[in-house]
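J.: One letter stands for each residue in the lines below.
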Amino acid sequence: MTATSSHAVSGDTGETNYLNATHGIGSWLLTRDHKRIGILYLLGISVFFVLGGLMAVLIRAELATPQGDLFSSDVYNRLFTMHGILMIFFFLIPSIPAVLGNFLLPIMIGAKDLAFPRLNLASWYLYMAGGALTFVSLLTGGIDTGWTFYTPMSTNFAQGQVIVTAVGIFIAGFSSILTGLNFIVTIHRMRAPGLTWFRLPLFVWAHYATSIIQVLGTPVIAITILLVGAERLFHIGVFDPKYGGDPVLFQHLFWFYSHPAVYIMILPSMGVMSELITAFSRKRVFGYHFIAFSSLFIAVIGFLVWGHHMYISGQSVVAGAIFSFLTMLVAIPSAVKVFNWTATLYKGSISLQTPMLYALGFIGVFLIGGLTGVMLGTLGIDMHVHDTYFIVAHFHYVMVGSAIMGYLGGLHFWWPKITGRMYNEFWSKISALVIFIGFNTTFFPQFILGYLGMPRRYHMYPAEFQTWNVLSSAGATILGFGYLLPVIYLLWSLKFGEKAPANPWGAKGLEWETTSPPPVLNFATPPVVTEEAYAYETSVPAKEVTVGV
Amino acid sequence: MASETRPAPLAHHFDDYDQQREAATLGMWLFIGQELMFFGGLFLTYTVYRWKYPAYFALGSNQLDIPLGLLNTIVLIGSSLTMVLAVRSAQLGRAKQIASWLGATMTLGTAFLVIKGFEYHHKWVHHLIPGEGFQLPGTTDPAAQTFFVIYFCMTGLHALHMIVGLGLLAFLVPKALRGDFSADNHNWVEGVGLYWHFVDIIWIFLFPLLYLLGRHHA
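Heads up: the protein sequence lines correspond to chains E and Y, in order. Using my numbering, you'd call the opening residue of the first sequence number 1 and step up by one each time. Using my numbering, you'd call the opening residue of the second sequence number 1001 and step up by one each time.
Simulated from the structure, these hints should not be mistaken for laboratory data. Any given hint could be a false lead.
Claimed, not checked - In the DSSO-like style, the derived pairs of lysine-lysine whose C-alpha atoms are separated by at most 27 Å in a straight line are: (1) Lys1096/Y x Lys1175/Y; (2) Lys499/E x Lys429/E; (3) Lys1123/Y x Lys242/E; (4) Lys1052/Y x Lys1123/Y; (5) Lys429/E x Lys347/E; (6) Lys242/E x Lys1052/Y.
To be verified - Under 10 Å between C-beta atoms, here's a sample of chain E residues computed to sit facing chain Y: (7) Met190; (8) Thr224; (9) Leu226; (10) Asp246; (11) Pro526.
Ideal Cβ positions, reconstructed from N, Cα and C, are used throughout, including at glycine.
All chains should be built: construct the whole structure from the sequences, respecting the hints.
T.: In C-alpha cells:
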C-alpha cells in the first residue's frame, strides 16, 4: 500500500497529480493549490467571455443594417456597455494572469505555490462575487453608461443598476490587486536556488510588470467608483457641477487606471509571446534584457499617458502635447519587443504548431494595433477620429486581437501541461487560422468606417456605411465560429486526447521538467536552476546542430 | 514545567521561517502601497477642489473642532506607541504582554472613533452634512459643500480603516493569549502593526489638511 495523502509526490510515475490527488467539489472550492485556482479562474472567465461575446453578436447583428431595427437605442446602449464591462473587467484583465499566470508562475520559478495560497483563493471568490453582482445587474436591466462610467451621466442621468455594477467592479478590482500582490511577493521571495532575476522566463518578467500596475493602478479606480456610487446614492457633489464638482476630474481619475489597465491586458500576452517564439524557433530569445526591461518600462510609462483619452475634454493644449509625447514613448518598448521576437525567429528552426500560429498572428495584429495607437496619440489625428470606429478598431486590435491571441496561444501551449492531454492538432490549426481571418475581417473595416467618420455607440448609421458594416458583421460570424472550435476540441481532448508527455514541444523552462499534469507540490524534487532561460541548443549556428536533445 | 509552547507553524510551501517572514512583510508593504493609491485618489480630489475653492475650504475648516481633532491625533499617536510595544513583545516572545498591548491599542482606537462620532454628530446638528439641508454660514453657493464632501469621504474612509484595524486586533488577542506567536513567527502581529501605523499616518496628514491649513483666510 502506498501512502497517497495529498502531500504525496510521485512526479516520476505521474500517478498522483494535482488533478487526482483529492476528489469532490469541496476539494476544488476550498483548494489552496494555485493550479486548481487557475482552473477555477479558467471556468469563471470562460463564462464571462461567452456572455460578453453574446452581446457582441447582438451588437454586430444590429449594425448589419443602417436602421435601428433590432433594438431601441436604449437597449443598444446597455448592450455595448455590458459587453465592455464583462469583457474588460471579467475576462481580459484576469485572463492570462489569473489563469495561466496562476498556474505557471510558481512552477516557472520552481516554487511549491504562490506566497499566499489562501489569499489566492480569496481573490477568486472576490472575482466571482464581483462577477455575480454584475450578472445580477445584467439580469435586472444592466446599465447604459458605457464601460467608462463618465459623470454626470453615471451619477445623475443613467438608468439602471449603476450602483450594483459599480460595486461588482469594485470587488473584482480587489481580486486583481491581491493577485498582483501575490505575484510580486512570489517572484521576489520564492525563486528556486540558482534562479537569478535574469534567468527568469520573460513570462515572469511580464507578469511582474503587470502586477505593479494591478497593485498601484487598480486602487485608484476603486476609490473613483466609490465616489461615483456615493454621488449617485447621496446626491452630493463630488463630480457634479451643480454642487461645484468637476466632471473632468472623474475622467482623469478613471483613465489614470484605465489606460494602464490596457497594459494589464497586453503585457501578459507579450510574456506568453516570448515563451512561444523561443519554443517554436528553438532559439535563445534575442535581447533578453531589453525585453525584460521593456515590460517594466511599459508599466511605468503607462501611468503617465492617461491624458491621451482626454484631448477633447477641455484639457489644456500644453497638457495634450505632453501626453502626446509621452504616448509616443510607449511605442519604443513595444517596438523593442516586436523587433526582438522577429530577430529571434531569424535563422531559428521554426515549427508551425498551433501555439506558434497564434504567436505569428499576434505579431501581425499587434503591429496594426500598435501603429494605429501611435496615430491616435497624435493630437491632430485624434481630434479627427475621436469617438469614431477608428478608436473601436484600434483598441480591439490590441485588446482582442493581440491579448486574446496571446491568451489562446498560451492556453494551447500549456494545455498539455495543465490537463495532461493533447488536443487535436488539425482542428486547433484550423481554429487559429479562422480566428485570424475572422478577427481581421471584423475589425479592419472599422478602421475605414472610423476614418470616414462613423461615430461609435450608435445603433443607426447613414446608409453609405453599410458595406463595411456588413463585412464587419460577417467577420464577427467567422470569429465567433473560430472561438467556438477550441471550446469543442479542448473539451474533447479532456476525455479522448492522447496522454501528454512531460515536454510535448521540446521546450525549455522548469514547467516542462515536471510531469503533465504536475504533482500537487509541482516537482518531485525541488529544482535547482543552473542555466539561462531559453537555453536552446541553436545559439550556435543552425547548421552545426545535429541532435535535438 | 509547562508544556512546550505551540510549534510555530511554517506553511507547507515555504522553505524556512525567514522566507515566510520576508514574504509576509513584503506582502504587507505592497498592500500599504495600494492603500496609498486608494487614499491618493481622495488626496488628489482634495487638492483639485482646494485649488478651485480656497475660500470655501477656509470657511469649512473653520467649522471643524480643533481641540477634538488634536485630542484624536494624540490618541492615535498613543495607539501607535502601544502597537509598537505589542510588536516588540511579540519579538521577545512574551505572549501575555502582546495581548495587553493589543488590548490597549484597541481601547485607544475605539476612543478615537467615539470622539470622531461626537464630531460627526456636531456636524449633523449644524446642518453641515452635504445634501439637501446643507447650510454653511457665510455663503449660499452649493459649491461650498465640496469641502464637507471631501471631509466626510476622507475621514469616513479613514474611520472605516480604523474599524477594520480594530477587527484585526480583536482577531489577534485570543491568538496571542493562546500563545500562537513566538519570536520565530509573529507575522500577524507585525503585519497588523504595519497596517495600524499606516492608518495612523493617514490621519497625521488629514488633520492639518482638513483642520488647520489656511483657515485664517476666511
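J.: Determine for every hint whether it applies to the structure shown.
T.: Consistency of the hints with the structure:
| no. | hint | in the structure |
| --- | --- | --- |
| 1 | Lys1096/Y x Lys1175/Y | 11 Å, holds |
| 2 | Lys499/E x Lys429/E | 19 Å, holds |
| 3 | Lys1123/Y x Lys242/E | 22 Å, holds |
| 4 | Lys1052/Y x Lys1123/Y | 23 Å, holds |
| 5 | Lys429/E x Lys347/E | 23 Å, holds |
| 6 | Lys242/E x Lys1052/Y | 15 Å, holds |
| 7 | Met190 | 7 Å, holds |
| 8 | Thr224 | 6 Å, holds |
| 9 | Leu226 | 8 Å, holds |
| 10 | Asp246 | 7 Å, holds |
| 11 | Pro526 | 8 Å, holds |
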